[in-house]
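Now for the letters of each chain:
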Amino acid sequence: MRARLAGAPPWYDAAMGVARTIVEAAVVVALSAGAAAIANAVREDPLPWVATQEYAVHGPCPEPAGEVTAIRAGDPLIRDGRTLVIDARDETAFREWHLPGARRVEFDWVSPVPGAALADVAASGAAAVVVYGDGGDPDSGRELARELSGRGIRNVHHVDGGAPALRGPGPGGAP
Amino acid sequence: MIARVTPWIALAARLYLGAVFIAACLHKIAHPYAFAVDVATYGILPLALVNPTALVLPWVELAAGGMLVIGLRVRAAALLVAGMMVVFMVALGVALARGLDISCGCFASSGAEADPISWLTMARDGAWLALAVLVIVADRAPIGLDRWIGRRDSR
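If you're matching them up, the sequences are chains A and B in order.
Residue 26 in my numbering sits at position 26 of the first sequence, with consecutive numbering throughout.
Residue 113 in my numbering sits at position 113 of the second sequence, with consecutive numbering throughout.
Don't take each hint at face value.
So the derived label-pair ranges between C-beta atoms look like this [as the list claims (entries may be wrong)]:
id	chain 1	residue 1	chain 2	residue 2	range
1	B	101	A	27	35 to 45 angstroms
2	B	147	A	30	42 to 52 angstroms
3	B	122	A	125	39 to 49 angstroms
4	A	115	B	48	27 to 37 angstroms
5	B	96	A	70	41 to 51 angstroms
6	B	96	A	74	27 to 37 angstroms
7	A	136	B	130	22 to 32 angstroms
8	A	125	B	126	48 to 58 angstroms
9	A	11	B	143	24 to 34 angstroms
10	A	16	B	120	33 to 43 angstroms
11	B	48	A	76	55 to 65 angstroms
Hints are computed from structural coordinates only; laboratory data are not their basis.
Virtual Cβ for every residue (Gly too), placed ideally from N, Cα, C.
From just these sequences and the hints, can you work out the full model?
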């Protein structure tokens, strides 16, 4: 039985109990921080207490993804004059080679397609949109096509195998 | 009847929460970098606080979980658990409101596909918060170090 202060109000014990609990919790946090510091210090690869550069986080990816159709590199739709062809690769790859008449809309794995680029695609009046990317796994062309479709562009396709499939045999092309 | 049973329900809740928090901290303690990435992915804390959080939080989980299991300073441990659950729920709520498709990071860094955040995660955390409050309010430490220490002190 703990001693009670003479003349203390009825809530005194309860208040002291709450205060004691909070102090105990704070002590546990302090001791935990000490244990964390010791454990981190003896690690072979300690984590620095202050990160010096931003973490490369995977996401956010809140963009809606729509249905798209995969077409082959030889599909006549690609050469159709009413089709808008989009290259989803970066500028360096685009400069090196791109399909004649293709418009570059680089796919960013983290950020959504800029509104202006999306508006350009929507305003093109094309009957179909064909996207090709790096042909990797995952393929940037397929991902961009899904994003465009999810954001309201209709009749979107992507080239199976991407730019390497379109280039065909030769340096950087499909065998 | 209820008054007699409630402390035993609180005891079960105490042991369950303790086991959950011990299980939750092990991967984070072993892989602090992976947990730091999980913390950073929520995009709530400034960069300077990401690593300290990733380093200290799992040890607080371990301490609170261990204290609940062995029955040492049960109310303080349950208060810590309740506080952590509130923090986790706020972080989850912000992430869900932003539409982030990320890993929960609650137990192991298994990626957004295997361990995605959702409103179910929020409901689960809410249930654990309720259990922690039950322990704070109703636990009389029928089993544990607190009772043993209390008996020793009263001799």
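Hints versus structure:
no., hint, result
1, 101/B / 27/A: 35 to 45 angstroms, "39 angstroms, holds"
2, 147/B / 30/A: 42 to 52 angstroms, "25 angstroms, violated"
3, 122/B / 125/A: 39 to 49 angstroms, "45 angstroms, holds"
4, 115/A / 48/B: 27 to 37 angstroms, "33 angstroms, holds"
5, 96/B / 70/A: 41 to 51 angstroms, "32 angstroms, violated"
6, 96/B / 74/A: 27 to 37 angstroms, "45 angstroms, violated"
7, 136/A / 130/B: 22 to 32 angstroms, "47 angstroms, violated"
8, 125/A / 126/B: 48 to 58 angstroms, "51 angstroms, holds"
9, 11/A / 143/B: 24 to 34 angstroms, "29 angstroms, holds"
10, 16/A / 120/B: 33 to 43 angstroms, "40 angstroms, holds"
11, 48/B / 76/A: 55 to 65 angstroms, "57 angstroms, holds"
Checked against the numbered hints listed earlier, the structure breaks hints 2, 5, 6, 7; every other hint is satisfied.
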